[in-house]
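Here is how the chains run, residue by residue.
Protein chains: 2
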Amino acid sequence: GLGVGTGDIGVRLERRMLRGLFPAPSLFLHQIAKEVAKLLEMKAQLGGDEGKHKFVLKTPKGTRDYSPKQMAIRERVFNAIITCFKRHGAEVIDTPVFELKETLTGKYGEDSKLIYDLKDQGGELLSLRYDLTVPFARYLAMNKITNIKRYHIAKVYRRDNPAMTRGRYREFYQCDFDIAGQFDPMIPDAECLKIVHEILSDLQLGDFLIKVNDRRILDGMFAVCGVPDSKFRTICSSVDKLDKMPWEEVRSEMVGEKGLSPEAADHIGEYVQLHGGLDLIEQLLQDPKLSQNKLAKEGLGDMKLLFEYLTLFGITGKISFDLSLARGLDYYTGVIFEAVLLQPENDHVEEPVSVGSVAGGGRYDGLVGMFDPKGRKVPCVGVSIGIERIFSILEQRVEASEEKIRTTETQVLVASAQKKLLEERLKLISELWNAGIKAEVLYKKNPKLLNQLQYCEDTGIPLVAIVGEQELKDGVVKLRVVATREEVNVRRESLVEEIRMRTSRP
Amino acid sequence: GLGVGTGDIGVRLERRMLRGLFPAPSLFLHQIAKEVAKLLEMKAQLGGDEGKHKFVLKTPKGTRDYSPKQMAIRERVFNAIITCFKRHGAEVIDTPVFELKETLTGKYGEDSKLIYDLKDQGGELLSLRYDLTVPFARYLAMNKITNIKRYHIAKVYRRDNPAMTRGRYREFYQCDFDIAGQFDPMIPDAECLKIVHEILSDLQLGDFLIKVNDRRILDGMFAVCGVPDSKFRTICSSVDKLDKMPWEEVRSEMVGEKGLSPEAADHIGEYVQLHGGLDLIEQLLQDPKLSQNKLAKEGLGDMKLLFEYLTLFGITGKISFDLSLARGLDYYTGVIFEAVLLQPENDHVEEPVSVGSVAGGGRYDGLVGMFDPKGRKVPCVGVSIGIERIFSILEQRVEASEEKIRTTETQVLVASAQKKLLEERLKLISELWNAGIKAEVLYKKNPKLLNQLQYCEDTGIPLVAIVGEQELKDGVVKLRVVATREEVNVRRESLVEEIRMRTSRP
Numbered sequence: 001g002l003g004v005g006t007g008d009i010g011v012r013l014e015r016r017m018l019r020g021l022f023p024a025p026s027l028f029l030h031q032i033a034k035e036v037a038k039l040l041e042m043k044a045q046l047g048g049d050e051g052k053h054k055f056v057l058k059t060p061k062g063t064r065d066y067s068p069k070q071m072a073i074r075e076r077v078f079n080a081i082i083t084c085f086k087r088h089g090a091e092v093i094d095t096p097v098f099e100l101k102e103t104l105t106g107k108y109g110e111d112s113k114l115i116y117d118l119k120d121q122g123g124e125l126l127s128l129r130y131d132l133t134v135p136f137a138r139y140l141a142m143n144k145i146t147n148i149k150r151y152h153i154a155k156v157y158r159r160d161n162p163a164m165t166r167g168r169y170r171e172f173y174q175c176d177f178d179i180a181g182q183f184d185p186m187i188p189d190a191e192c193l194k195i196v197h198e199i200l201s202d203l204q205l206g207d208f209l210i211k212v213n214d215r216r217i218l219d220g221m222f223a224v225c226g227v228p229d230s231k232f233r234t235i236c237s238s239v240d241k242l243d244k245m246p247w248e249e250v251r252s253e254m255v256g257e258k259g260l261s262p263e264a265a266d267h268i269g270e271y272v273q274l275h276g277g278l279d280l281i282e283q284l285l286q287d288p289k290l291s292q293n294k295l296a297k298e299g300l301g302d303m304k305l306l307f308e309y310l311t312l313f314g315i316t317g318k319i320s321f322d323l324s325l326a327r328g329l330d331y332y333t334g335v336i337f338e339a340v341l342l343q344p345e346n347d348h349v350e351e352p353v354s355v356g357s358v359a360g361g362g363r364y365d366g367l368v369g370m371f372d373p374k375g376r377k378v379p380c381v382g383v384s385i386g387i388e389r390i391f392s393i394l395e396q397r398v399e400a401s402e403e404k405i406r407t408t409e410t411q412v413l414v415a416s417a418q419k420k421l422l423e424e425r426l427k428l429i430s431e432l433w434n435a436g437i438k439a440e441v442l443y444k445k446n447p448k449l450l451n452q453l454q455y456c457e458d459t460g461i462p463l464v465a466i467v468g469e470q471e472l473k474d475g476v477v478k479l480r481v482v483a484t485r486e487e488v489n490v491r492r493e494s495l496v497e498e499i500r501m502r503t504s505r506p
Numbered sequence: 001g002l003g004v005g006t007g008d009i010g011v012r013l014e015r016r017m018l019r020g021l022f023p024a025p026s027l028f029l030h031q032i033a034k035e036v037a038k039l040l041e042m043k044a045q046l047g048g049d050e051g052k053h054k055f056v057l058k059t060p061k062g063t064r065d066y067s068p069k070q071m072a073i074r075e076r077v078f079n080a081i082i083t084c085f086k087r088h089g090a091e092v093i094d095t096p097v098f099e100l101k102e103t104l105t106g107k108y109g110e111d112s113k114l115i116y117d118l119k120d121q122g123g124e125l126l127s128l129r130y131d132l133t134v135p136f137a138r139y140l141a142m143n144k145i146t147n148i149k150r151y152h153i154a155k156v157y158r159r160d161n162p163a164m165t166r167g168r169y170r171e172f173y174q175c176d177f178d179i180a181g182q183f184d185p186m187i188p189d190a191e192c193l194k195i196v197h198e199i200l201s202d203l204q205l206g207d208f209l210i211k212v213n214d215r216r217i218l219d220g221m222f223a224v225c226g227v228p229d230s231k232f233r234t235i236c237s238s239v240d241k242l243d244k245m246p247w248e249e250v251r252s253e254m255v256g257e258k259g260l261s262p263e264a265a266d267h268i269g270e271y272v273q274l275h276g277g278l279d280l281i282e283q284l285l286q287d288p289k290l291s292q293n294k295l296a297k298e299g300l301g302d303m304k305l306l307f308e309y310l311t312l313f314g315i316t317g318k319i320s321f322d323l324s325l326a327r328g329l330d331y332y333t334g335v336i337f338e339a340v341l342l343q344p345e346n347d348h349v350e351e352p353v354s355v356g357s358v359a360g361g362g363r364y365d366g367l368v369g370m371f372d373p374k375g376r377k378v379p380c381v382g383v384s385i386g387i388e389r390i391f392s393i394l395e396q397r398v399e400a401s402e403e404k405i406r407t408t409e410t411q412v413l414v415a416s417a418q419k420k421l422l423e424e425r426l427k428l429i430s431e432l433w434n435a436g437i438k439a440e441v442l443y444k445k446n447p448k449l450l451n452q453l454q455y456c457e458d459t460g461i462p463l464v465a466i467v468g469e470q471e472l473k474d475g476v477v478k479l480r481v482v483a484t485r486e487e488v489n490v491r492r493e494s495l496v497e498e499i500r501m502r503t504s505r506p
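Chains as they are written, first to last, in the UniProt record's numbering: chain G, 1 to 506; chain H, 1 to 506.
Please keep in mind that the hints were generated in silico from the structure rather than gathered at the bench. Just so you know, these numbers come straight off a predicted model, no measurement behind them. Please note that a few of the clues may not be correct.
Copies of the same chain look alike in the list, so a pair counts if it works inside one copy or between any two.
Within a straight-line C-alpha distance of at most 30 Å, the following computed DSSO-like cross-link-like pairs (lysine-lysine) qualify [what the hints assert, rightly or not]:
#, residue 1, residue 2
1, Lys420, Lys58
2, Lys374, Lys58
3, Lys61, Lys438
4, Lys304, Lys438
5, Lys304, Lys69
6, Lys155, Lys377
7, Lys427, Lys438
8, Lys318, Lys144
9, Lys444, Lys304
10, Lys101, Lys58
11, Lys427, Lys231
12, Lys155, Lys69
13, Lys445, Lys478
14, Lys478, Lys155
15, Lys86, Lys304
16, Lys58, Lys113
17, Lys444, Lys473
18, Lys438, Lys473
19, Lys318, Lys258
20, Lys69, Lys101
21, Lys318, Lys445
22, Lys318, Lys58
23, Lys444, Lys54
24, Lys86, Lys155
25, Lys86, Lys58
26, Lys289, Lys438
27, Lys241, Lys448
28, Lys473, Lys113
29, Lys289, Lys241
30, Lys119, Lys473
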């Protein structure tokens with residue numbers, strides 16, 4: 001292709017220039033690099049000529065902290081997702097946050113420019129992981145695993161232009177569930193869609209739609225539309241933009257930038273308008289052109305099977321076979337899918353939240369083989385839940401509802417009404433901690449009772465255990481229910497049981 | 001000092017040379033840097049002249065994957081730790097994996113060289129976090145928080161020489177609990193030690209000891225021993241090596257490399273042998289020299305108070321006031337502590353595991369002020385649990401005990417004894433999933449019953465729900481208990497309840 005070719009010529013030219021200029025390039029380059037690194041470090045230390053450098057107190061661009069309140073919401077979402085993954089029998093793994101740079105090379109197509117590299121500080125060249133799929137494939141190949149169902153929840157990194165209000169960050173969580181192994185067609189694929197359906201239903205994010213397509217159908221479609229083989233992936237990237245750009249713009253990118261014939265583009269334009277269910281699959285299986293293409297026929301046959309399984313799962317109501325769905329990543333080989341929220345539930349929210357895709361995935365049968373020295377393939381299919389957008393919606397909903405979220409689980413505050421009882425408070429709280437009771441104490445020698453009660457109001461602690469001279473003499477503790485202001489004397493040896501009973505509802 | 005001075009002169013000389021040579025250095029440097037970056041990238045693509053580069057399938061040096069079995073052990077440890085942190089009323093926060101490089105600058109003393117930097121790809125200069133304490137301080141200053149008790153469990157990064165068999169990695173988890181705020185002395189400090197005591201007891205790692213000291217006592221000791229002020233931190237670093245090096249070597253580092261007088265070194269040598277409890281504190285409060293030093297006196301007074309609180313908590317049995325404890329990091333200002341395992345329980349293990357410190361922490365009252373534009377201080381004290389070493393011990397213990405660890409929680413496998421029942425299996429499993437039952441199915445159209453039962457044996461699934469022609473007709477499912485091979489027919493509408501009942505013990 002033209003685009004690729006030009007690049008190649010450029011590289012070749014530069015390579016020749018380099019060889020002509022520097023007979024022993026690597027040594028020379030190494031020296032320049034060392035010198036420049038030194039100079040740059042000095043430059044950084046000098047901080048320009050303007051005098052004292054001003055330190056900016058912030059997190060890096062495209063990242064954020066999570067406050068305790070945000071963490072409480074995040075934990076809820078994680079719980080829903082993990083519960084679902086475990087319900088489907090998944091194990092869990094973890095991999096390092098960075099990989100050898102080479103591990104990521106050649107896996108992401110046009111998105112590779114967004115990979116974060118680590119500085120070469122001597123040793124291996126490293127990059128932050130861009131997703132969890134490539135590390136998973138590396139893990140399978142490295143450990144010669146041919147059969148696993150696992151989930152992995154971790155942060156990934158993309159040097160994207162962040163749009164943080166819409167839940168797009170440079171550091172963000174992915175929650176991945178994948179099934180690796182040689183199985184009968186479309187059974188694991190159908191389970192992945194069932195999982196997306198379960199999670200999005202569970203989280204009550206409002207109405208959603210899961211778009212499904214197949215790379216083989218896309219490739220077959222490109223072929224019958226007259227797209228040259230070499231342009232399949234780049235035209236696929238253009239189609240992928242249809243959820244953000246109107247067809248006219250995508251068409252002009254295909255024809256103008258990517259050199260596709262206008263006829264081929266128009267032909268594609270007809271297909272990518274199509275979406276539906278089993279009926280559309282049947283129709284395309286009869287399509288005079290598509291039905292002649294081996295890949296498309298295979299893809300459509302499997303799509304039919306997939307819809308039969310989804311019917312058994314009772315979820316076809318939210319599934320749309322959509323020929324405009326392409327997915328950006330290079331490594332997909334079969335079924336692809338993406339879930340979008342249809343109308344974010346924002347009755348209580350003044351500004352409507354604009355959210356895009358909240359889950360996506362597909363089949364990638366060739367990725368593990370790229371890592372295996374002998375190219376042995378391990379077929380895989382998986383789904384990735386994009387938790388940041390979901391989190392944005394839920395956070396905004398909580399804000400709007402004025403729901404009070406507790407950020408601790410403390411059952412009881414150990415307090416005193418009189419002075420000089422710090423030692424008694426510490427002795428009591430130590431007993432409670434040792435019995436597994438979640439308890440706090442104010443870190444003051446002589447706190448006012450009012451301040452202690454206020455702390456409970458502020459943080460939602462339901463009980464106060466009050467020690468006083470009289471209670472100590474009587475061998476009791478005064479237990480106060482914060483909500484009702486009810487107070488009862490409880491014998492010290494029954495206190496743990498009493499607290500447990502009164503806070504048994506989690 | 002000599003070391004520092006020489007470096008300064010070097011920098012000043014290079015700076016002058018630079019200015020003389022290049023009138024507009026920053027532009028020039030930028031151009032060189034861009035060119036060199038381009039050349040280096042080409043060099044990387046060419047991969048040397050030796051022909052095809054061989055790809056190595058591995059994780060980066062000093063890192064590892066966690067397999068499902070390892071994750072199961074890791075989750076157990078995390079649960080024990082999180083349960084303890086929550087028992088003490090902590091909230092949870094999270095921060096990005098990288099920070100602005102400047103945020104980390106000047107916080108770690110001699111350890112700064114171990115920080116991972118990200119490549120300058122245009123934009124901000126970033127570094128991977130080295131611990132969770134500095135990001136916490138940055139978070140407090142940025143959000144003007146003067147009062148919080150939080151935990152944070154996340155990975156940190158150090159370009160150390162990994163000794164992975166002993167649980168030392170370049171990527172490792174820290175589990176931090178910190179209390180920030182202006183409080184009465186030693187109450188939060190005592191709670192941190194109580195937490196370490198609870199966690200190490202809970203995890204049943206064998207006998208342990210928590211060493212305690214105070215930076216003010218150390219500094220006072222250095223002063224009365226005749227160490228010049230400017231050498232306090234570097235001599236402190238030497239003392240910190242006493243857990244790995246004999247006194248003679250530490251002494252010769254102090255005298256030889258760091259230029260301390262032999263008399264001062266010998267004087268320090270006498271103090272750092274001391275360890276004990278309240279008795280030692282009393283003795284040092286009477287020490288003719290130390291008692292004259294304001295810092296030491298303050299530190300010793302607080303140490304006495306700390307021991308009183310620890311007595312109320314009933315944990316002084318495992319606490320040792322140890323004058324040789326120094327801690328490497330620059331930011332500590334008061335109490336410091338470190339927990340070590342005394343004799344790893346390795347009765348079942350052939351090779352004894354050598355483990356060092358498993359928890360550490362201390363008071364750092366100045367760190368938040370370093371980030372605040374007006375230098376406002378927020379006193380902090382905290383503890384960090386080093387989970388990798390703990391994990392190594394538990395992993396080895398599990399290996400030795402041949403304990404079978406389940407890596408999934410699946411309650412039931414949906415199976416069939418005859419062919420052509422895939423659809424029925426999918427219908428049934430869908431019902432179970434929708435009812436919240438953890439269920440799996442083999443991804444085969446016609447799996448053999450034996451293979452299905454074997455799968456349960458291998459993965460520890462306790463129940464099998466078997467559908468067959470006859471059962472379908474009768475409206476029942478055959479429920480088989482894997483362990484006992486007992487089989488009962490359960491009416492389909494009661495199946496969920498029956499599975500719940502039979503698997504209610506988690």
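The hints, checked one at a time:
1. Within a single copy, Lys420 and Lys58 get their C-alpha atoms no closer than 43 Å, and across copies no closer than 61 Å, so neither meets the 30 Å cut-off.
2. Within a single copy, Lys374 and Lys58 get their C-alpha atoms only as close as 47 Å, which misses the 30 Å cut-off; across copies the closest is 16 Å, which meets it.
3. Taking identical chains as interchangeable, the C-alpha atoms of Lys61 and Lys438 are never at most 30 Å apart, the minima being 38 Å within one chain and 41 Å between chains.
4. Proximity of Lys304 to Lys438 under the C-alpha cut-off of 30 Å is restricted to the inter-copy arrangement: shortest distance 28 Å between copies versus 54 Å within a copy.
5. Taking identical chains as interchangeable, the C-alpha atoms of Lys304 and Lys69 are never at most 30 Å apart, the minima being 45 Å within one chain and 38 Å between chains.
6. With identical chains, the CA atoms of Lys155 and Lys377 are at most 30 Å apart within one copy only, with a shortest distance of 27 Å there and 32 Å across copies.
7. Only within a single protomer do Lys427 and Lys438 lie at most 30 Å apart by alpha-carbon distance; the minimum there is 15 Å, versus 44 Å between protomers.
8. For the identical chains of this complex, Lys318 and Lys144 are neighbours neither inside a copy (37 Å) nor across copies (46 Å), given an alpha-carbon limit of 30 Å.
9. For the identical chains of this complex, Lys444 and Lys304 are inter-copy neighbours only, at 17 Å across copies versus 69 Å inside a copy, given an alpha-carbon limit of 30 Å.
10. Taking identical chains as interchangeable, the C-alpha atoms of Lys101 and Lys58 lie at most 30 Å apart whether they share a chain (28 Å) or sit on different chains (11 Å).
11. In this homomeric assembly, Lys427 and Lys231 never come within 30 Å of each other (Cα to Cα): the closest approach is 75 Å inside a single copy and 42 Å across copies.
12. In this assembly of identical chains, Lys155 and Lys69 lie within 30 Å of each other by CA distance both inside one copy and across copies; the values are 19 Å within and 21 Å between.
13. Proximity of Lys445 to Lys478 under the C-alpha cut-off of 30 Å is restricted to the intra-copy arrangement: shortest distance 20 Å within a copy versus 65 Å between copies.
14. Taking identical chains as interchangeable, the C-alpha atoms of Lys478 and Lys155 are never at most 30 Å apart, the minima being 47 Å within one chain and 43 Å between chains.
15. In the homo-oligomer, the alpha carbons of Lys86 and Lys304 lie at most 30 Å apart inside one protomer (28 Å), although the nearest pairing across protomers, at 50 Å, exceeds that limit.
16. With identical chains, the CA atoms of Lys58 and Lys113 are at most 30 Å apart both within one copy (25 Å) and between copies (23 Å).
17. Within a single copy, Lys444 and Lys473 get their C-alpha atoms as close as 23 Å, which meets the 30 Å cut-off; across copies the closest is 72 Å, which misses it.
18. Taking the shortest alpha-carbon separations for Lys438 and Lys473, only the intra-copy value of 25 Å comes in at or below 30 Å, while the best inter-copy value is 53 Å.
19. Proximity of Lys318 to Lys258 under the C-alpha cut-off of 30 Å is found in neither arrangement, the shortest distances being 34 Å within a copy and 72 Å between copies.
20. Taking the closest pair of Cα atoms, Lys69 and Lys101 come within 30 Å of each other only across two copies (27 Å); inside a single copy the shortest separation is 36 Å, beyond that limit.
21. Only between protomers do Lys318 and Lys445 lie at most 30 Å apart by alpha-carbon distance; the minimum there is 25 Å, versus 61 Å within a single protomer.
22. Taking the shortest alpha-carbon separations for Lys318 and Lys58, neither the intra-copy value of 42 Å nor the inter-copy value of 41 Å comes in at or below 30 Å.
23. Taking the closest pair of Cα atoms, Lys444 and Lys54 never come within 30 Å of each other, the shortest separation being 38 Å inside a single copy and 64 Å across copies.
24. Both within a single protomer and between protomers do Lys86 and Lys155 lie at most 30 Å apart by alpha-carbon distance, with minima of 20 Å and 24 Å respectively.
25. Taking CA atoms no more than 30 Å apart as the test, Lys86 paired with Lys58 passes between copies only; the shortest distance there is 28 Å, against 37 Å inside one copy.
26. With identical chains, the CA atoms of Lys289 and Lys438 are never at most 30 Å apart, being 69 Å at best within one copy and 44 Å at best between copies.
27. Taking the shortest Cα distances, Lys241 and Lys448 never come within 30 Å of each other, neither inside one copy (62 Å) nor across copies (45 Å).
28. For a Cα distance limit of 30 Å, the shortest separation of Lys473 from Lys113 qualifies neither inside one copy, at 73 Å, nor across copies, at 59 Å.
29. With identical chains, the CA atoms of Lys289 and Lys241 are at most 30 Å apart within one copy only, with a shortest distance of 25 Å there and 76 Å across copies.
30. In this homomeric assembly, Lys119 and Lys473 never come within 30 Å of each other (Cα to Cα): the closest approach is 66 Å inside a single copy and 67 Å across copies.
Violated hints, in rising order: 1, 3, 5, 8, 11, 14, 19, 22, 23, 26, 27, 28 and 30; the structure is consistent with all others.
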